[in-house]
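The chain contents come next:
There are 2 protein chains.
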Amino acid sequence: MKKVAMGPQTLIYPMPATLVGANVNGKSNFMAVSWCGIANSEPPMISVALRHNRYTLKGVRDKLTFSVNIPSRDLVEETDYCGITSGSKVNKTEVCHFKVFYGKLSDAPLIEQCPINLECTVVHILDLGSHALVIGRIEETYVSENCLTEGKPDVNKIEPFAYIPTTIQQYQALGEVVAKAFSIGKELKVKG
Amino acid sequence: MKKVAMGPQTLIYPMPATLVGANVNGKSNFMAVSWCGIANSEPPMISVALRHNRYTLKGVRDKLTFSVNIPSRDLVEETDYCGITSGSKVNKTEVCHFKVFYGKLSDAPLIEQCPINLECTVVHILDLGSHALVIGRIEETYVSENCLTEGKPDVNKIEPFAYIPTTIQQYQALGEVVAKAFSIGKELKVKG
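First to last, the protein sequences are chains A and B. At position 26 of the first sequence the residue is numbered 1377 (my numbering), and the sequence of numbers has no breaks. At position 177 of the second sequence the residue is numbered 1528 (my numbering), and the sequence of numbers has no breaks.
Read the hints as simulated data drawn from the structure, not as lab findings. In this text, all values refer to a predicted model and were calculated from it rather than measured experimentally. Just so you know, not all the hints are guaranteed correct.
Any copy, or any two copies together, can satisfy a pair, since identical chains are not distinguished.
Listed below are the simulated DMTMM-like cross-link pairs for lysine to aspartate or glutamate, each with C-alpha atoms no more than 25 Å apart in a straight line [claimed, not checked]:
#1 LYS1450 to GLU1491
#2 LYS1508 to GLU1527
#3 LYS1353 to GLU1527
#4 LYS1409 to GLU1393
#5 LYS1378 to GLU1393
#6 LYS1440 to GLU1538
#7 LYS1540 to GLU1496
#8 LYS1414 to ASP1425
#9 LYS1409 to GLU1510
#10 LYS1354 to GLU1490
#11 LYS1378 to GLU1510
#12 LYS1531 to GLU1510
#13 LYS1503 to GLU1463
#14 LYS1354 to GLU1428
#15 LYS1540 to GLU1393
#16 LYS1414 to ASP1478
#17 LYS1537 to GLU1463
#18 LYS1450 to ASP1505
#19 LYS1450 to GLU1490
#20 LYS1537 to ASP1425
#21 LYS1455 to ASP1413
#22 LYS1455 to GLU1491
#23 LYS1353 to GLU1393
#24 LYS1354 to GLU1510
#25 LYS1353 to GLU1491
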């Protein structure tokens, strides 16, 4: 198989589409973030990469709390809007009609319409170059009750979407189940 | 909308299914990692969260290089296998029939069958609790030539899959395109 070297690229598939929230200058603000990932298990932590000049980052640095909200596909327009506008110029919460609620933390605004909400306190902020990598401890997780099945989050009800850089940049829903995790590999284990 | 607090959870959707590689004790080894994310743009960086006792982590710490490989869905069995076995006990490269190649770095093993390969040098290792968060600078990106369309990576040819914790833990393919990114939000921008 021939390989083509393309230079250093930030290229992984799929990336989540999330809305990261913070209170800035006394108001809730949200930005679209796909450059994030789970960073630790015990205690639960998440990392989000934010460009240094982002308005949201001011609030994160000021209050040392933030939220990560997972939008469902019916919020794709709002999510994209939060990625192409700045809270320094518009009130995105108002434009998007987000209903904001708070959990344990007083300055981590959570979006009621998003089926999953994580509220986080800042543990580390690393300056890596263009971006600040903010590592947050997940203090609480909220799930919309109508997205649960037998008490567990149900991806078919959550309807998250991915951000996919490809020949064009697009948002994609999840598709068919390929295999059961921690299970399909057992067949190779027998052979191995 | 009623929200249910579920305690701190490592819950984002979707998460990528990747194979992180390193040379350990003179041999290539790969583990399944979904807890990863892009960490910086300029220069390109990625974070991967590895449990402290992982065999792969020994190689990462020893050589200060690693790889991130994006498998296509036809490698779901091998990917899962690499997640449920340890390189301390089996030679996963042999069992999975991975063809290993090297790029710029002498100790970041790349899997030829995976359509996307990132080779990385370690920039930071943070001890966050259960996991070491390894932050790597992406030194080069390789894409299988047959996964390009007009010189760009084509997600329809790459066929990546996501790791989805839901009522059960499963791997899911990508589905339909929901919207064009940096575009659909413009409609709200007019309203805003």
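(message) At most 25 Å between CA atoms: does that hold for LYS1537 and ASP1425 within a copy, between copies, both, or neither?
(response) Answer is between: at 16 Å across copies they meet the 25 Å cutoff, but 37 Å inside does not.
(request) Using 25 Å as the alpha carbon limit, work out where LYS1540 and GLU1393 are close: within a copy, between copies, both or neither. (result) Answer is neither; intra-copy 28 Å and inter-copy 40 Å both fail.
(request) Measure nothing new, just compare the shortest in-copy and cross-copy C-alpha distances for LYS1353 and GLU1491 to 25 Å and report within, between, both or neither. (result) Answer is between; shortest inter-copy Cα gap is 15 Å, intra-copy 46 Å.
(message) Reference check for the pair LYS1414 and ASP1425, CA-CA at most 25 Å: within, between, both, or neither?
(response) neither (30 Å within a copy, 45 Å between copies)
(request) Indicate which option fits the pair LYS1378, GLU1510 if close means a Cα-Cα distance not exceeding 25 Å: within, between, both or neither. (result) neither (28 Å within a copy, 41 Å between copies)
(message) As a check of your reading, is LYS1450 near GLU1491 (CA-CA no more than 25 Å) within one copy, between copies, both or neither?
(response) within (18 Å within a copy, 43 Å between copies)
(request) Could you figure out if LYS1455 and ASP1413 sit no more than 25 Å apart (CA to CA) within one copy, between two copies, both or neither? (result) within (18 Å within a copy, 41 Å between copies)
(request) Have a look at LYS1440 and GLU1538 and pick one of within, between, both or neither, based on CA distance no larger than 25 Å. (result) between (55 Å within a copy, 17 Å between copies)
(message) At most 25 Å between CA atoms: does that hold for LYS1450 and GLU1490 within a copy, between copies, both, or neither?
(response) Classified as within; 21 Å inside a copy, 42 Å across copies.
(request) At 25 Å max between alpha carbons, let me know whether LYS1414 reaches ASP1478 within a copy, between copies, both or neither. (result) both (18 Å within a copy, 24 Å between copies)
(message) At most 25 Å between alpha carbons: which applies to LYS1503 and GLU1463, within, between, both or neither?
(response) within (18 Å within a copy, 38 Å between copies)
(request) Could you figure out if LYS1508 and GLU1527 sit no more than 25 Å apart (CA to CA) within one copy, between two copies, both or neither? (result) both (14 Å within a copy, 16 Å between copies)
Figure legend: structure checked against the earlier numbered hints; hints not met, in rising order: 3, 5, 7, 8, 9, 11, 15, 23.
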